[in-house]
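Using the sequences and the hints, build the whole thing.
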Amino acid sequence: VPGMSTGLSISNGTVVAAFKDALVHQGLLALLIFTLLAAAWLAIRPRLAQAGRTASGRGAVGRNAIPEPAWRRLLRIGFGVIWVFDGILQAQPKMALGLPSQVIEPAAASSPAWVQHVVNWAGTGWSSHPVQAGAAAVWIQAGIGLWLLAGARGPLSRLAGLASVSWGLVVWVFGEAFGGMFSPGQAWSSGAPGGALFYVAAGALIALPDRAWRTRRSGRLMTTGLGLFLAAMAVLQAWPGRGFWQGTVNRQPGSLTAMIQSMASTPQPRFLAVLVSHFGSVTAAHGFAVNLLIVVALALTGAAFLSGRAGLIRPVMLPFIVLCVADWVLIQDLGFFGGLGTDPNSMLPMALLAAAGYLAVALEPAPAVDPGVAPAASHPARPGLAGLRELLEGSGFQSLAAVGAISVIVLGAAPLAAAQANPVADTILAQALDGTGTSVSYPAPAFSLVDQAGRAVTLATLRGKVVLLTFLDPVCTNDCPVIAQEFRGVGQQLGAADSRVELVAIVANPIDYQVGYTRAFDRQERLASVPNWLFLTGTVPQLQQAWKKYGVAAEVAPAGSMILHSDVAYVIDSSGRVRDELNMDPGPGTTATVSSFAAELTADARKLLGQS
Amino acid sequence: VNRTGQWASARCGGLARRASTAALAAVSAVLASGCGSTATPSTAPVPAATTPALSLSTSLQTGTAAWAVLEMGGSAADFDNFWQVLTRPADGTQWKLVTPAGTADNGGLVLASGGQSLITAFRPSQDLTFTPLSATSDDGQQWLSTGPLDASLASTPDALAEGQHGQLVALLGNGDVTQATPGYTSWHALTSLRALRATAAGRRCGLVRLTAVTFTSAGVPLAGGDCRQAGTTGLFTDSNGNWTAGGLALPASLAGQHVSVLRLQQTGTSTGVLLEAGSGRTASVLAGWLPESGTWDVSPPLRLAGASVAAASFAAAGTACVILGARRGEIVAASAAGWQPLPALPPGTATIAGARAGALDALAVRRGTLTIWQLAARSARWIARQTIKVPIQYGSSG
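Here the protein sequences line up with chains X and C, keeping their order. Numbering follows my numbering, with no gaps: position 53 of the first sequence is 53. With the second sequence counted from 1, adding 1000 to any position gets you my numbering.
For the record, the hints were derived by calculation from the structure and aren't laboratory data. Misleading hints may appear alongside valid ones.
The calculated label-pair distances, taken between Cβ atoms and stated as ranges, are [as the list claims (entries may be wrong)]: (1) C/Ala1053 <-> X/Ala603: 44 to 52 Å; (2) C/Arg1204 <-> X/Pro112: 52 to 60 Å; (3) C/Arg1385 <-> X/Val440: 52 to 60 Å; (4) X/Ala553 <-> C/Ser1137: 29 to 37 Å; (5) X/Val540 <-> C/Thr1093: 51 to 59 Å; (6) X/Ala113 <-> C/Asn1174: 42 to 50 Å.
Ideal Cβ placement from N, Cα and C applies to all residues, glycine included.
Below, the structure is given as structure tokens:
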């Protein structure tokens, strides 16, 4: 999955600092938004109260007169809290660089190629813009959570459900590689079909129109769906040959044991590690019994839900929720410890959905409102705690809070959308690898060499153009081809301005320096057709003179090693002065870092073009 | 009663529907999960004749010196292993490290010599896709960068050959054969796997792939490969652009065997070939020699008895040397009646080279240390003669 890694350490100080800065700045903006909304609310509150009195005096029936059913409230508040929690988890400092390689890539590793291709598209985008993407995930998830918590009724509340569906699908497809559905070895106990799919289901239920609240139909649909799902999961968990029935197989841990043992080995509080490790030993010794318990529980609960009768569901609810919590603690290890946890995994959302399903069939639906009966009249705002309660309970306040939550989502989504639309990676990756360039101003040392076509080229002949200069070994096997691609990327990023910039490399090899080698290198790197690309060479003394003037070392190493040379670039303005010196060690040479170095050079070139 | 009956019927129907949907869901879940099954290995038949992976480690003899090429470093990572060139004067006893500098050689080195000079080709590795060349005419004291060959050389020890007039012929990774005149900056197509398959000789052979190229002592390009048709040898000579069968007749005992060309090399006054016939426990190896004028002389076959040829070389006077597995070595001379087993090879032996007075040198590698063991003529014991510490530049190509 090539797009998943920037090759940088996930705790790289430069990116982590930028990520924190972005979160702080956007957090301050969010605070400002909420402050403005609060002020606006205080200003319009008396008018709203007056309007409410007038409306109730006319005997009008409020649109929100139907009380929110308990199952919906449970889903809305439960998933709202989980979304906020997920948003907080996304704010871990290592998340910006770590999510693609530590979270998404492992999830996609055992999936088919087409799944990896889909996931790689998103991973490449994240890797190219780690700060914006990381911050966006924080604000989008926290925003959806706040939106769900704030919006109890009305269209805004239903839209919150749709937002949960939309982002949940994004997370499920790109973050969880379709919940691992297409990779072998998945089971209910280990998190199938992906926690985010439960967020989607819950969001869809929350988004149902008000009329769905008034009948038992919604409840029956929920229980049937849950019943089908649990029955399917029971079969999956019980299917022979998948390693779930054996604690150990040929002295190797079975599927369930292996997962528990891997979770126990992740960093976490000691008591939890001991608990999970102990359960791992129990599973290793009694794998059959543990799996049998899970399969029977899933089958019985599924059958109870399929019956659609509250009387049958009630006895299995508590054991099922206990099973979910036990699985969450002992098998999924709470879901977020170790590595880069992004969510509490599937068991809490599963339990919430099951409980909501039960409530939907156990409790009577809200009665249809008689249009002739007016709801309780609103009272004028009262001072003190009672007044505050009324204020908080008022639908107007909820709407404003929902608007605030939407603003938080936009705060994250807008920069992410802009970044995702830009195929060019952020320069922060290049800076994280090699630091920022050194601004200088001195006359560029002269050189007199020949290009790949054998034509004489001097620095003077390039006067009037911005020159991006580097030193490359044509037979180098790693860094130089990557740097060449960075230079090629500059040409592509410059667009029309490309004609005012010369991309120049001087050979950094005292042995394989002939024109035949520069031409072969150009063909290898698809530079032969780049009109402003010059790969210069000369006699060894001429080259050595150029290396010396630019402070470039080109050392011949023994025993089959390649030439050891400096990876540097000089940005020379149109009047022939060096204006920037850049370390060009390309690091891992990933798609993202190549683009990032190119963006850094492009920015330098544009700056000089703007000055000329 | 009627109402109750209808209710009961509807209820039973509902339960039945739920049971069927549950079964459907269960089946769907099983299908979606793939049931944890693993992919079954393909049972597609492999080509009838396939050349086993033969190491690039080898040695060759020029007029003035013996040469050896082998891999050192001992790392599991290819980019931390480096190929080395060593030479010893034809009349000398001491080997010397003369690896040409300037290019990372992690992809392997291929040697070629038309008699006086020696050309080294650097097989591409990592992001390099073409083949740098380096030449010496003073036994490795000085190397001159030449070429390059703007393509990837095939990964076989006979992918490059030099003619007596300095012309080069190269077998590429894609099966094309190209040639160049001295200077080696301009290459042109000589033939290709596809073109040879289309010839009458190629059709008779059922040519699967090309494995070696050389020039005969008479200066004629010669290409070798694997045949699908049993009992035919994949040798092709160029007669003014018309490629015909190389004319090597197999012993009658091998008539039903598929034959692969392992090595093809000039050996002084003749052209040497090493063939593998058959596969598995019935496989055997045999050598052949083509004098400047005359026909192929073929050795008796050597039964491999389940072993495989790890490396092979031609020593002085065209003596073929093969390394079979870890410690087994066999040689056969052009004039000999049959193969001669060598005493157990020293551990780490990468290649065998001919030495003075009928002796043999075994070049054994252990990480960055090369030990040269010598087997005197008619002796039964290898004796360590020289140790060379090679400064492996670990990490310089990673």
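A quick look at each hint next to the structure:
1. Distance hint check for C/Ala1053 and X/Ala603: the Cβ-Cβ separation is about 49 Å, which falls inside the suggested range of 44 to 52 Å.
2. Checking the proposed 52 to 60 Å range against C/Arg1204 and X/Pro112 shows it is violated: the Cβ atoms sit about 44 Å from each other.
3. Distance hint check for C/Arg1385 and X/Val440: the Cβ-Cβ separation is about 58 Å, which falls inside the suggested range of 52 to 60 Å.
4. Take X/Ala553 and C/Ser1137: their Cβ atoms lie about 30 Å apart, and the range 29 to 37 Å holds.
5. Taking 51 to 59 Å as the suggested C-beta distance range, the pair X/Val540 and C/Thr1093 does not conform, at roughly 36 Å.
6. Separated by about 25 Å at the C-beta atoms, X/Ala113 and C/Asn1174 break the suggested range of 42 to 50 Å.
Of the hints listed earlier, those the structure fails to meet are numbers 2, 5 and 6, in rising order.
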